[in-house]
Each structure stands twice: as C-alpha cells, then as structure tokens.
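In order, the protein sequences belong to chains A, B and C. Going left to right, the first sequence walks through residues 1 to 292 as the numbering used here numbers them. Going left to right, the second sequence walks through residues 1001 to 1256 as the numbering used here numbers them. Going left to right, the third sequence walks through residues 2001 to 2295 as the numbering used here numbers them.
Hints may be right or wrong, so weigh each one.
Stated by the list, open to error - List time: in silico DMTMM-like cross-link candidates among lysine to aspartate or glutamate, alpha-carbon distance up to 20 Å: (1) B:Lys1075 / C:Glu2148; (2) B:Lys1075 / C:Glu2147; (3) A:Lys212 / A:Glu162.
Claimed, not checked - Stretch by stretch, here's where chain B covers chain C in the computed footprint (C-beta under 8 Å, at least three residues): (4) 2135-2145; (5) 2153-2163.
Just so you know, the hints here were simulated from the structure itself, not pulled from any lab data. Because the structure is a prediction, the values reported are computed rather than measured. Every residue, glycine too, gets a C-beta built ideally from N, C-alpha and C.
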Amino acid sequence: MAQFLQQMVNGLSIGSVYALMAVGYSLVYSVMNFSNFAHGGVIMFGAYFGFFGITLLKLPFPAAFVLAFVGTAILAVLIERIAYKPLRERKAPFLYFIISAMGASIFLENIIIATIGPTFRTYPDVFGRSSIALGPVAVGRLDLIMFAVSAVCLTGLVLFVEKTRMGRAIQASAYNMKAAALMGVNTDRVVMIVFAIGGMLAGIAGVFFGMKYTVYPQIGNITTKSFVAAVFGGLGSLPGAVLGSILLGIIETLVAGYLSSQFRDLIAFVILIGVLVFRPTGIMGKTTEDKA
Amino acid sequence: MSDILQVRGLTKRFGGLAAVSEVDFSVREGGIAGLIGPNGAGKTTIFNLITGVYKVTAGAVTFEGKDITDTEPYKIADIGITRTFQNIRLFKNLTVFDNVLTACHASAGYGLFDSLVRTPRFRREEKVLRDKSIELLSILGLADRKDAIANGLPYGLQRRLEITRALALDPRLLLLDEPAAGMNPDETEQLMRLIADIRDRFKLSVLVIEHHMDLVMRLCEHIVVLNFGQKLADGTPDAIRGDKCVIEAYLGGGDE
Amino acid sequence: MLSGINLIAVLGLSLLTGFAGLFSFGHAGFMAIGAYSAAICTTILKLPFAVGIAAGGATAAGASWLIGRATLKLKGDYFCIATLGFGEAIRLILDNFQGLGGARGWPGIPPSTTIWNILILDVIGVALLANLVRSRHGRNMIAVREEELAAQVAGIDVFKYKMLALVVSAAYAGVAGSLLAHYMTFIQPKMFSMVKSTELTIIVIFGGLGSISGSVLGAVVLTFLPELLRAVDKWRLVVYGLAVIGIMIGRPRGLMGGFELTPASLRRHFADRKEAKAAKAAQVAEDAELGKDGL
C-alpha cells in the first residue's frame, strides 16, 4: 500500500511538471487555434537558462529561477513575432503555422547542439537530496517545491484569466478573435501576453525538469507528452490540461512501477490513441460542428 | 405530377435552441420551389439537413420515394441532389475547368489501377469527362474563361461556376442557397433566366433559398415561408403575397 | 544515392501533404516498418531483395490503413499530433523489441541496394505518382484539400480519398525504408525518429506543396547539400529550421509550389517570354513611329 502511495506521489510530481508544460501549450492553442510545436524548444531553453544562471553566473537559485522564466517569456514572444506574426497578418492557413513552429523547434534544438553541445548537464543540488516523510511516503524536497510552485503558478493563472481585464480579453479572443478585435480588444497585445505567459510557464517547467532529470537539447521531445496530456484533458481547456497532465503522470508512474519501465513512454501514446479514437475532445473539451 | 422531395416533421435542435421545428413541405418534380424567410429562419439549416451535413433531431426527408434522412453528405450527390453554398465554396485555387472536371468524377468509369497504369479505358473515360466539362461550361457561358483561376472571377461568375459544378454531377434536384446574393438587378434578371433555362434543359427540379423577393416571386411556382424555424406559409406566389401572417412577419409593406 | 532513397519517401509524403493537404509528422515510422519488414524477409526468411521491398511497402501500407481508420476523421491539428504520436510509438516499440535488435540496432543486412534499383524505383515512383495525380483520384484529393465540405457535396468520399493518399504515401515510405536498410546494412530505431519525419516534411515544403517536380528537386538538393557541407554538419539543422520559417513567411509555395516542370509548361513558359518580348518590341516600334511623326 505504501508502495502504491509512493508511486502516486511520484506520479503527481511528474504530473505537475507536465501540467506546467501542458497549460502553456493549451493556452496558446485556445487563443491562436494552433499547436505551438516550438513550445518544447522554449521549455528546453528554460532548463538551460536556469542551469547557466546557477553555474555560470553564480546566481542564487531564486534569481536564476526568475532569469529562466523571464528569459523564456521573452524568447516565446520573439518566436511569435518572427515566426507567427507575419503569417497571422497574412491570414495564412493554420497548417503554415504548424510548419513554421516545427522550423522554430528544429532551430532551437539545433542551435543549442551547435553552440553549446549535446552533452547532458546536471543541475547542482539546490535543495538537497533529503526527503521529507509524510506518513508512509517519502517525498523529495525538490518534488514538494515543484508541486507547490506549480500549484501557485496555476492558481495565479486561473485568477489572472478569470479576474483581470486582460484575462477576460484573453478569454474573449480565445472564443472569437475577430469579434474580440471588433469589440476593441487589442488582439495583438493579447497574443503577445498569451505567448509571454506560455513562455513563462515553459521556463518554470524547464527548470524543474532539468533539476529533476538532466539538461539536454532534446528536452523538447518530452513535450510530446505534454501535447498528449493537453489532448487527454481536452485541447483548449486549461483545467483539462492540468487534469490530463496529472492523470498522465500518475498512470505513467504506475505503469512503470508495476509493469515495466520500458512501457513508460509508450503508455503516453497508448493513451493518445485511446483518446483520439474514443473521445477526441478529451475529458473536458468542447465539441464544435462546422457550419455550412 | 409527383413530389420529388418531401420533408416531414423536420426538426433540428442545437442544445436548447430549435433551429428548425416540425417543418413539412414538398417540391414538385420538375418545379422550381422557393424557400424564403428572414435571416436566421433556418433555411440553410434545412439545406444542411437534406444534404446530410447536419443530422436531424427528428423528422424525415424523402427523395423520389426513398427515405434519405441522415445520409452521408458524399452519398447525396449520388442519390441525385446537389447544392451550392451561401458563402461560395469553390475550389478557389483551381481553374474554372478543373473545378468542373473534378466534379465530373462520378461519371468516370475507371478505377485506381487504370489511373496508375494509364490504360486505354482511362484515356477514353478521361476524354468523356473533359468533353462533358467543356460542354457544361459552354452551356453556362463560362467556356471562354475556362483557364482562369476560380478565385479571380468576378463574383457573379463565381456563383455561376458553382452552379455549373453542381450540374456536373447530373442531379435531379438542385438546391441553390442564395444564388443572387450580392447581385445587381441586371445580374439577378440574368440569373433568373439561367435557372429557368437549366430547369428546362436538364429536366431538373430546383429549390431556391433567396432574399430577392423579385426573383422568388417571378421565378418560383411554389413558395415556402419560414420564420424562427417554423413554416409560416406554403403556396403559390400569389397566395403568399396575400397571406396576412407572411406580410406581417416578413414582407412588411414594401420591397426587400 | 541517399537522395534517391529519400526521394521515394518524399514523393509519398508529397502526395499526402502537398496534394491531399494532410500533414504527417510521423512518416519516418512507416519507413521504419518498411525497413524492418524488408530486413526480416531478407535475413531471417532468406527471401530475395525484391520480395523484401514489396513486403516493406505492403506492411507499411497495411499499418497506415489501421492508423488511418483511427485518425483520419480527426480535425487537422489532432491528426498532426496523432501522426507524431504514432511515429514515436513505432520507434519506441522497436527500441524495446529485443528480438529485432532493440535500441542497439540490427547489423548485418545484405547490401542489396544499388544505384540501379534506386534509379528504377525512382522513375517508377514518379511515373505512378504523376499518373495518380492527373486522374480523377488525384483531383478528388486536391478537392478535399481545397474545400472539404464542397468536395463532400460533390460526391467525393472524403475519408476514402484521405485514406488512399495515406496508404499510398505509406507504401512509398515503406519502400524507401527497405532500400535504406539495404544501403546502410544496419538499422536502428533512432534513424527513424521525429527528426527524420520532420526532415521529410521540410523537403516537401521546400520543394513546393502540390508539385512533384518540386519534391524531386527538393529531395536532391536537400540531401546532397549536407553531404557536401559535412564540415558544418552541426549547423545543417539550424539552417534548416530557419529556412523553414523563412519559407513559410517569404515564399510558402516553396521552390515550385503548384507548378510542374513538364515539357508543356516549359514550352508555355518560353512561349510567354517570346510573346512578351515581341509585344515589347512592337511597343518600342510604335513609340518610335509616333516619335517620328513629331507627336
């Protein structure tokens, strides 16, 4: 039983990292209506920013952390300006966006490989390896902090979207960009802010991921899992993304623990296939019918 | 004269909203019928229900005596019904000729193997398709523009092209969704004659959704009036013109 | 040689993406299926190479049929993610399947691929594809790409044609995979990762969507170039990435988007130029005449 709980906790902790990744991605999807495949690259940069903040710039962790997510927020907005904005202005078909996103993703991954090199880096031990015992379960300090920060971020995000003016502007744009623009919403600004938030979340996720595992240029590929989580929970739904991620994290860990670690990555895809075949809108997604 | 199309108790609900509610009407074989009503009355929804784009919540659609309710949209053309759209849905980046040629595919008698290997059958059938496309384009007065890109055509001709494409499938019932939208009186006049011409030449039945009262009153032999998803009136143009409910709800005192 | 192999996969993807309008980010998975099936045929079952190639194409096609049934009804975005998922899933399964070498790979495949079989298959591949595109099947696919709803009411069974495009493109990928296996004499799941799938998609876009000649040119150029630029190999993908963004913004039609290099189009191009020159000359002459009359 203790084993099971332990696995649950582990699942929750990785799930919360997935949640940060998935929410950023889902947010962009809900407003722009396309899958930002470059999200992974931004997450990866977050990991590197944090890493170099600590090792190269010798910053204390909180400073490096802030550096990381500010850096990724800026990066995300840059990507938007360079790779997507021109297409938006030209009202290009959404598939062009995906390709551009792919290009950005490849660029990001390989610029790191070409400049810094593909070797794995490990974060220095910031929080110590000790774990806290919560009843029969041992929770790593890192995991606790990750979970706490994620919870804070996500709550902050929800509050922002629900309660602030900008948040409502984002909701309006997500519903219908053109209509929102007609009602005086500065959609350009909204897009920028959405990408900045997404980038910020990505940066945080990146740092945590790097700390929990290692830092390497292909971190971006892990985001395929966050796509799965977002789809699982329902593309375009933020609570859905969180729910989907946590479930994915838990299922993944349980499968790895009880079946075989070989299936850990595979299970994500099995879930994906399952969702797409049986309920493409995910757990909390909405269905739309095409008007003639 | 029998009815080629019968719609009985047709109902479509989107969540709590009933877009179309218990609508009954028929289209006589060889006739030109009109479907009118204010915006949002449910006219295009009815087209969508007939052509299977939307699934019915209740009711039935009968064509040539057979129940075709909820058939897959791509089978509708085979059954004998084709349509045009309110916002023109041409294959915009293809040429005028290709738009029609593509639609002729149903008349082709060759299969995949023939395409890949270019058998004599392929060549023969392709020629049949090409000839048919040219013929249709000539009849509809678009032959001299056949190599133009569909998107570059003037609006009126784009609508005509859409009708040509619909005809390429040898329909027996043609559904036209606001074919005169955006046209000036001259063009509308031409369109009217075109529709009557097409009906005679191709021996079709036609059901038209329109807002141009002029066109509807002069062209259609039978008119169905819709309002808020329900049928308001059903009869000849004269009857409709005199119907008090219709006048109150829709025609108002003057012209469109 | 490698470009010839890539070309076949690219041709297939070109049909799916350029003509049918479906983006697949997992096509390397089909190559992998083809490669491994062919390898099984030639090494374990000791069948001739030709059978191996056929098997490679057939198994990939079969797999795509299954995948298609599950995914083709999905909206654009979902389909992309699904293909991504499948591509990776196939790689992961192969990674863990020790019977076929697992992640360490499978060496010792007979080097049966020669420049001749590549060339022959390339030519056949292009011919078949060109024939397919210029038939009602091809036109229907293009119609689906342009306006799915209109295509439907024009009687086109959208699902069937999307499936056709998918299966054919997978078959091509499978054949390419088989050739690759017998060229490198060694296969490893890593060779068929998302990077490879993306590379293929990039070539199709670079060459131009909806153009077979574009895909041919793209495959040749983009496979040759890195071979020449071995020294700066690390930067190859960096430039790729930027190039893709650049193309999307500057010239989304790629090299030859929508156009085909055929004898007819070349003739027309030159005829147009001659006409333009003649018109210009006539204009000049006319101006000269008018000038002479002191107007």
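A quick look at each hint next to the structure:
no.	hint	result
1	B:Lys1075 / C:Glu2148	holds (14 Å)
2	B:Lys1075 / C:Glu2147	holds (17 Å)
3	A:Lys212 / A:Glu162	violated (32 Å)
4	2135-2145	holds (count 8)
5	2153-2163	holds (count 6)
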